[in-house]
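Asks: From first to last, the protein sequence lines are chains W and E. So the first sequence is numbered by our numbering: it starts at 531 and just counts up by one. So the second sequence is numbered by our numbering: it starts at 2 and just counts up by one.
The hints are simulated quantities; they were obtained by calculation from the structure and are not laboratory data. Just so you know, these numbers come straight off a predicted model, no measurement behind them. Beta carbons are placed, not taken as given, at the ideal position from N, Cα and C, and that holds for glycine.
Just a few of them, taken from the derived set where beta-carbon distance is under 7 Å, the chain E residues facing chain W:
hint : residue
1    : Ala-21
2    : Asn-70
3    : Ile-73
What follows is a set of in silico ranges between Cβ atoms, one per label pair, in the way DEER data are often shown:
hint : chain 1 : residue 1 : chain 2 : residue 2 : range
4    : E       : Ile-46    : W       : Pro-539   : 21 to 31 Å
5    : W       : Glu-565   : E       : Leu-48    : 27 to 37 Å
6    : E       : Met-2     : W       : Asp-573   : 42 to 52 Å
7    : E       : Val-35    : W       : Asp-571   : 53 to 63 Å
8    : W       : Gly-540   : E       : Gln-43    : 17 to 27 Å
9    : W       : Pro-539   : E       : Val-35    : 38 to 48 Å
10   : W       : Gly-540   : E       : Lys-3     : 23 to 33 Å
11   : W       : Lys-682   : E       : Ile-46    : 26 to 36 Å
12   : E       : Met-2     : W       : Asn-567   : 35 to 45 Å
13   : W       : Ser-712   : E       : Gln-43    : 31 to 41 Å
14   : W       : Ala-671   : E       : Leu-15    : 15 to 25 Å
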Amino acid sequence: MKVSVLQFPGTNCEYDTQYAFEQLGADVEIVWHKEKNIPSDTDLLVIPGGFSYGDYLRSGAIARFANIMDSVQEYAANGGKILGICNGFQILLEAGLLPGAMKRNDSLHFISKFHNLKVIDNNNTFLSLLKKDELINIPVAHHDGNYFIDVKGLAELEANNQILLKYCDDNGTTENLNGSVSNIAGICNKERNIFGLMPHPERAMEELLGGNDGVRMLKGFLQ
Amino acid sequence: MKAIVNVALKQGVLDDQGKATHHALDTLGFKEVVKDVRIGKQIIIELNSSDEALAKEEVIKMCEKLLANTVIEDYDIEIVG
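Given the sequences, and given the hints that come with them, work out the whole structure.
Replies: Okay, structure coming up:
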């Protein structure tokens, strides 16, 4: 299994992502944004977290025009699997590969902590090892995680089971973390090959470091 | 010639920064005079062109492609001097 991880100026989760997938037994290659093509043997493309281009203008708005992105669009159109984590999710939204947009958190604060998530859909590669309605606890770390989509767009997400994860409390009741429409933390596209979430599964790989719920999430891609 | 581009969240998209600023103004004693606050950004572009209509057309393209995220934001363009 070959995982390619994109790297832009300001990306800062590429090595955590590399560590996470190497722990799971994958070959990982970090790909600089100036490259023209992603490696042809890529089984999974990850756009990791960070602050690409300093989040200037809007989070992800400038990264979306990087050299490598034509190749990413082509890979996506051919059904290639893509996972966008945090800033990677923001880039996928800006690139139009996932629907909706990100706003500043409603509290206007940067939120950095472990938080509960509820699995809304597991009929997809990413979360296939988790149970529906299962709770997981992994870190969130973002300033612009307030997911927005209009009423019509939300109805489409719901109808196609594209909502993957929602923020919730210890009892599994979904709750507002950052202002996101319907408490959404992660979604996929209609074709179910492009995944985006704000929380960081790659930071939850070791019990010793606060939790390992990320293992079962990322492992879904290795089956 | 310059293009002055104002980008702000659409009406109907909750503007949390505007809301917080409104609240702060209320606390500072401006409650009676302030009806609503919305926060946006201004982008000032120095243009090479001297053809106003053509310049505006180009700036619209810039807004649609990069300067605004039209899922959540509106923009307006003013071409000056």
